[in-house]
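Each chain, letter by letter, is given below.
Number of protein chains: 2
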Amino acid sequence: MSLKIGLLGLGTVGAGTVKVLRENTDDITSRAGRPIEIVRAAVRDPALPRDCDLSGIELDSDADALVADPRIDVVVELMGGIGRARELVLAALANGKSVVTANKALIAEHGKEIFECAQAHGQVVAFEAAVAGGIPIIKALREGLVGNRIDQIAGIINGTTNFILSRMEADGADFAEVLAEAQAKGYAEADPTFDVEGIDAGHKLAILATLAFDIPLATDQLHTIGVGKVSAEDISFARELGYRIKHLAVARRSEAGVELRVEPTLVPKNAFVAKVDGVMNGVSISGNAVGTAGFYGPGAGALATASAVVADIVDVALGHAIAPPAMAQEVSFVPQSAVVSAHYLRMRVTDQSGVMKTISGILAGLDISIEAMVQKESSEGQAEVVLITHEVSTGAITQAMDELAACDAVHGGIVQMRLEHLSE
Amino acid sequence: MSLKIGLLGLGTVGAGTVKVLRENTDDITSRAGRPIEIVRAAVRDPALPRDCDLSGIELDSDADALVADPRIDVVVELMGGIGRARELVLAALANGKSVVTANKALIAEHGKEIFECAQAHGQVVAFEAAVAGGIPIIKALREGLVGNRIDQIAGIINGTTNFILSRMEADGADFAEVLAEAQAKGYAEADPTFDVEGIDAGHKLAILATLAFDIPLATDQLHTIGVGKVSAEDISFARELGYRIKHLAVARRSEAGVELRVEPTLVPKNAFVAKVDGVMNGVSISGNAVGTAGFYGPGAGALATASAVVADIVDVALGHAIAPPAMAQEVSFVPQSAVVSAHYLRMRVTDQSGVMKTISGILAGLDISIEAMVQKESSEGQAEVVLITHEVSTGAITQAMDELAACDAVHGGIVQMRLEHLSE
Ligand SMILES: NC(=O)c1ccc[n+]([C@@H]2O[C@H](COP(=O)([O-])OP(=O)(O)OC[C@H]3O[C@@H](n4cnc5c(N)ncnc54)[C@H](OP(=O)(O)O)[C@@H]3O)[C@@H](O)[C@H]2O)c1
Ligand SMILES: NC(=O)c1ccc[n+]([C@@H]2O[C@H](COP(=O)([O-])OP(=O)(O)OC[C@H]3O[C@@H](n4cnc5c(N)ncnc54)[C@H](OP(=O)(O)O)[C@@H]3O)[C@@H](O)[C@H]2O)c1
Numbered sequence: 001m002s003l004k005i006g007l008l009g010l011g012t013v014g015a016g017t018v019k020v021l022r023e024n025t026d027d028i029t030s031r032a033g034r035p036i037e038i039v040r041a042a043v044r045d046p047a048l049p050r051d052c053d054l055s056g057i058e059l060d061s062d063a064d065a066l067v068a069d070p071r072i073d074v075v076v077e078l079m080g081g082i083g084r085a086r087e088l089v090l091a092a093l094a095n096g097k098s099v100v101t102a103n104k105a106l107i108a109e110h111g112k113e114i115f116e117c118a119q120a121h122g123q124v125v126a127f128e129a130a131v132a133g134g135i136p137i138i139k140a141l142r143e144g145l146v147g148n149r150i151d152q153i154a155g156i157i158n159g160t161t162n163f164i165l166s167r168m169e170a171d172g173a174d175f176a177e178v179l180a181e182a183q184a185k186g187y188a189e190a191d192p193t194f195d196v197e198g199i200d201a202g203h204k205l206a207i208l209a210t211l212a213f214d215i216p217l218a219t220d221q222l223h224t225i226g227v228g229k230v231s232a233e234d235i236s237f238a239r240e241l242g243y244r245i246k247h248l249a250v251a252r253r254s255e256a257g258v259e260l261r262v263e264p265t266l267v268p269k270n271a272f273v274a275k276v277d278g279v280m281n282g283v284s285i286s287g288n289a290v291g292t293a294g295f296y297g298p299g300a301g302a303l304a305t306a307s308a309v310v311a312d313i314v315d316v317a318l319g320h321a322i323a324p325p326a327m328a329q330e331v332s333f334v335p336q337s338a339v340v341s342a343h344y345l346r347m348r349v350t351d352q353s354g355v356m357k358t359i360s361g362i363l364a365g366l367d368i369s370i371e372a373m374v375q376k377e378s379s380e381g382q383a384e385v386v387l388i389t390h391e392v393s394t395g396a397i398t399q400a401m402d403e404l405a406a407c408d409a410v411h412g413g414i415v416q417m418r419l420e421h422l423s424e
Numbered sequence: 001m002s003l004k005i006g007l008l009g010l011g012t013v014g015a016g017t018v019k020v021l022r023e024n025t026d027d028i029t030s031r032a033g034r035p036i037e038i039v040r041a042a043v044r045d046p047a048l049p050r051d052c053d054l055s056g057i058e059l060d061s062d063a064d065a066l067v068a069d070p071r072i073d074v075v076v077e078l079m080g081g082i083g084r085a086r087e088l089v090l091a092a093l094a095n096g097k098s099v100v101t102a103n104k105a106l107i108a109e110h111g112k113e114i115f116e117c118a119q120a121h122g123q124v125v126a127f128e129a130a131v132a133g134g135i136p137i138i139k140a141l142r143e144g145l146v147g148n149r150i151d152q153i154a155g156i157i158n159g160t161t162n163f164i165l166s167r168m169e170a171d172g173a174d175f176a177e178v179l180a181e182a183q184a185k186g187y188a189e190a191d192p193t194f195d196v197e198g199i200d201a202g203h204k205l206a207i208l209a210t211l212a213f214d215i216p217l218a219t220d221q222l223h224t225i226g227v228g229k230v231s232a233e234d235i236s237f238a239r240e241l242g243y244r245i246k247h248l249a250v251a252r253r254s255e256a257g258v259e260l261r262v263e264p265t266l267v268p269k270n271a272f273v274a275k276v277d278g279v280m281n282g283v284s285i286s287g288n289a290v291g292t293a294g295f296y297g298p299g300a301g302a303l304a305t306a307s308a309v310v311a312d313i314v315d316v317a318l319g320h321a322i323a324p325p326a327m328a329q330e331v332s333f334v335p336q337s338a339v340v341s342a343h344y345l346r347m348r349v350t351d352q353s354g355v356m357k358t359i360s361g362i363l364a365g366l367d368i369s370i371e372a373m374v375q376k377e378s379s380e381g382q383a384e385v386v387l388i389t390h391e392v393s394t395g396a397i398t399q400a401m402d403e404l405a406a407c408d409a410v411h412g413g414i415v416q417m418r419l420e421h422l423s424e
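Heads up: the sequence lines are chains A and B, in that order.
Numbered per the UniProt record's numbering, the first sequence spans residues 1 to 424.
Numbered per the UniProt record's numbering, the second sequence spans residues 1 to 424.
Only chain A is shown next, with the shape it has when bound in the complex (with noise of 0.2 Å):
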């Protein structure tokens, strides 16, 4: 009658996951129906001490046991990486398990043959906690949101990147004063590659994609461009434009194609995800009947980690999971030379008259025009301009600065970033 858990991974989110079903057992006993019950558990060092009571569960080291023992329901896969992950879960799925799962990667990379598993041996596999954490994001998206065609989700996906750009936004500090401290408290790993350079960020966008559009997992597809790109000078003249710069991801529907893309991107300062600071991470999704919605909250951390696990496990315990996508869309993505959006611009120049003139010359030569430009005296008879253009396509605006970089009065390189108009 309860349903019985078999849990890989003790670690954060692992031990998270077993005080919240041990703290709320009677609530979460009540909604779900009946009692859920982690039998056992497998870890790579049984002997290290766990963050959680571990009562009443058998814990060894035979993951490929434990996927294959005829009391386990459900396979909670805690584990992260992307091989032993994905075999574990293809077994447990070929055992007749259902599956859930906070690993993001994971999906992203072998979502496609995970899912078609599922689907063959009439498993599902949940995976709310893959995406923003605690947010129950891919339930609104899946749910919440059914009636509607969704045509754009913009998001903020990762607190890494979040915590640092709010930090050198809050503080004037530059990027790599603040990797040191987010790495010092935690928020950012030894090696911040996955973080800072938007691989995570994608592996999360690619999967909301694919629940929105109902298209094939592609990563292959995905555009990133890292937050270490971003300077404070950046940060200050986009705040001085209304704007703020964030580490977005963004994935847009529209009838040119699928664009899917993590930048760093300035957005109004009235937007709800440029009101997203810190750690936090903040997803909004526009569709053809709400309008757009926006979710908030925590990414990650082991208890509103663990929140997402719980949901999907009683999701399982009522038979309310939803099936695994068909990924049925035929889908053409939108080649980035033809992504069509405003883009910032920041470059150094000769402060003498005319310069204004030579600038407008060239982007009015492209047919990119201006919604605005700002001018800054700056040391050694140099000035400093940024300006915002209209929507035109990136390569339009990658020819504009090349033209720009070759004339005489630009000195440097050219400082570019896209602009998003997301509503508030």
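No lab work stands behind these hints: they were computed from the structure.
Some hints could be false.
Any copy, or any two copies together, can satisfy a pair, since identical chains are not distinguished.
[To be verified] Listed below are the simulated DSBU-like cross-link pairs for lysine-lysine, each with C-alpha atoms no more than 35 Å apart in a straight line:
#1 LYS112 to LYS19
#2 LYS4 to LYS376
#3 LYS19 to LYS229
#4 LYS4 to LYS269
#5 LYS269 to LYS19
#6 LYS357 to LYS185
#7 LYS376 to LYS357
#8 LYS376 to LYS229
Since the structure of chain A is already known, use the hints to place chain B with the ligands on it.
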């Protein structure tokens, strides 16, 4: 094989629901696993023009026949009111039909009877659209955050009063002026009492509290104060101190009991709900696993509300709708005088030395400590004193106001508002 719908009402939300089901038919059919078909609708006057395509829908004014029609699986009640709507919903359930409704007044006032009737007949009643329009807040509370013990809900769940306060803040305008504008724009009813006095928000809050705390619907325990109490002056003082004033709905559960209140309330300017502007709604939910999560979006409107109605219909189609709440918890409510929070006080005093000392003395005598206090010169030898207290019971603050009002140096009434230190 198709799920057959009977629609009570083809007004704003009814016509919106028809539109959304028609516009997104293919997606909805595939997500619901079967076609959803509106076979019949009832309105007051079938001769009126309707804001949707009625082809294939039998339309008349015989609501009683609709809820008895053996072809119909789900009755979608979008007529409003609590008299006829109650009768029809109960009849539909008794006839073995599920019910989807957007009617917060009906659920808040007659939820107990309706849920018991549903339970008795093995049917479900789904009411996502009744709270916060297009935001899937009920699903978040009952499913996405099911693993949590919920401790607090703090929300802006009436767009009209939020529009009024946002406009007052932006323009320094007065309540009456902005109310007239809201009425002209269609954001406020000709008789705005329901919105302005917090009755509508109270209905929604009672529903959320029932789901969050598993307690009976307690409209008789609601403490509501209208938004008309707020002046442009208070908004500006609050802002200076780092707060914004919102018509905030709060449901809290602590060892002392449950509190349900809708009042003009100061919130820190960085709090999630402080950033909810205009007609938008926003709700933050605090639970012992997730911490705090926030939900944002349009609280009304034809298509946005229809988005929630359709989500409920799809849940019914999939057999995923959650059973009616049991409302099983023993509950005691915190008496108003014992409710504890920080407070904002504003009073006009004689502008002379010693007055601040008198005020602090009175507060200290009641063990009320002061977090911030500012004095502004005013006209005619008087000054405006604004102060923010630390947490204190409403009883103590009431006594303090009596004692302050009795001072010779204090002139006229004392403005008092609650202040909630909500998290970001
Ligand atoms: N941390 C977060 O806030 C967060 C948020 C969202 C999603 N996630 C995802 O949740 C998953 C788990 O993250 P975490 O932070 O909890 O990781 P973690 O703290 O490193 O814990 C991993 C656990 O898995 C066990 N494990 C690893 N390899 C194993 C193997 N081959 N066989 C058996 N057990 C193995 C480890 O055992 P030992 O303890 O014996 O080494 C450890 O208990 C990852 O997919 C991550 O992306 C994490
Ligand atoms: N409007 C929103 O944005 C919104 C948002 C959230 C929730 N809601 C809730 O949704 C419900 C409907 O609101 P609404 O704005 O759509 O109302 P509405 O525009 O006034 O429409 C009401 C509809 O119900 C019909 N009706 C009323 N009494 C009837 C009766 N006795 N028998 C048969 N039909 C009857 C009306 O018929 P006639 O057209 O022939 O008069 C009309 O079509 C209410 O409970 C409201 O609180 C509304």
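Q) How would you classify LYS4 and LYS376 at a CA-CA limit of 35 Å: within, between, both, or neither? A) This pair counts as neither: shortest intra-copy Cα distance 65 Å, inter-copy 65 Å.
Q | Homo-oligomer pair classification [LYS19, LYS112; C-alpha up to 35 Å] | A | This pair counts as both: shortest intra-copy Cα distance 32 Å, inter-copy 34 Å.
(Q) I want to check one pair: LYS357 and LYS185. Are their C-alpha atoms no more than 35 Å apart within a copy, between two copies, both, or neither? (A) Answer is neither; intra-copy 48 Å and inter-copy 44 Å both fail.
**Q.** Within, between, both or neither: LYS269, LYS19 at alpha-carbon 35 Å
**A.** Between copies, since 33 Å is at most 35 Å while 38 Å is not.
**Q.** Homomeric proximity label, LYS19 with LYS229: Cα distance no greater than 35 Å
**A.** neither (40 Å within a copy, 45 Å between copies)
(Q) Please sort LYS4 with LYS269 into within, between, both or neither, judging by C-alpha distance up to 35 Å. (A) neither (47 Å within a copy, 45 Å between copies)
Q: Pop the pair LYS376 and LYS229 into one bin, within, between, both or neither, using alpha-carbon distances up to 35 Å.
A: For LYS376 and LYS229, the Cα distance is within 35 Å only inside one copy (21 Å; across copies 46 Å).
(Q) If the cut is 35 Å between Cα atoms, do LYS376 and LYS357 qualify within a copy, between copies, both or neither? (A) Close inside one copy (16 Å), not across copies (50 Å); limit 35 Å.
The structure does not agree with the numbered hints 2, 3, 4 and 6 stated previously, though it agrees with the rest.
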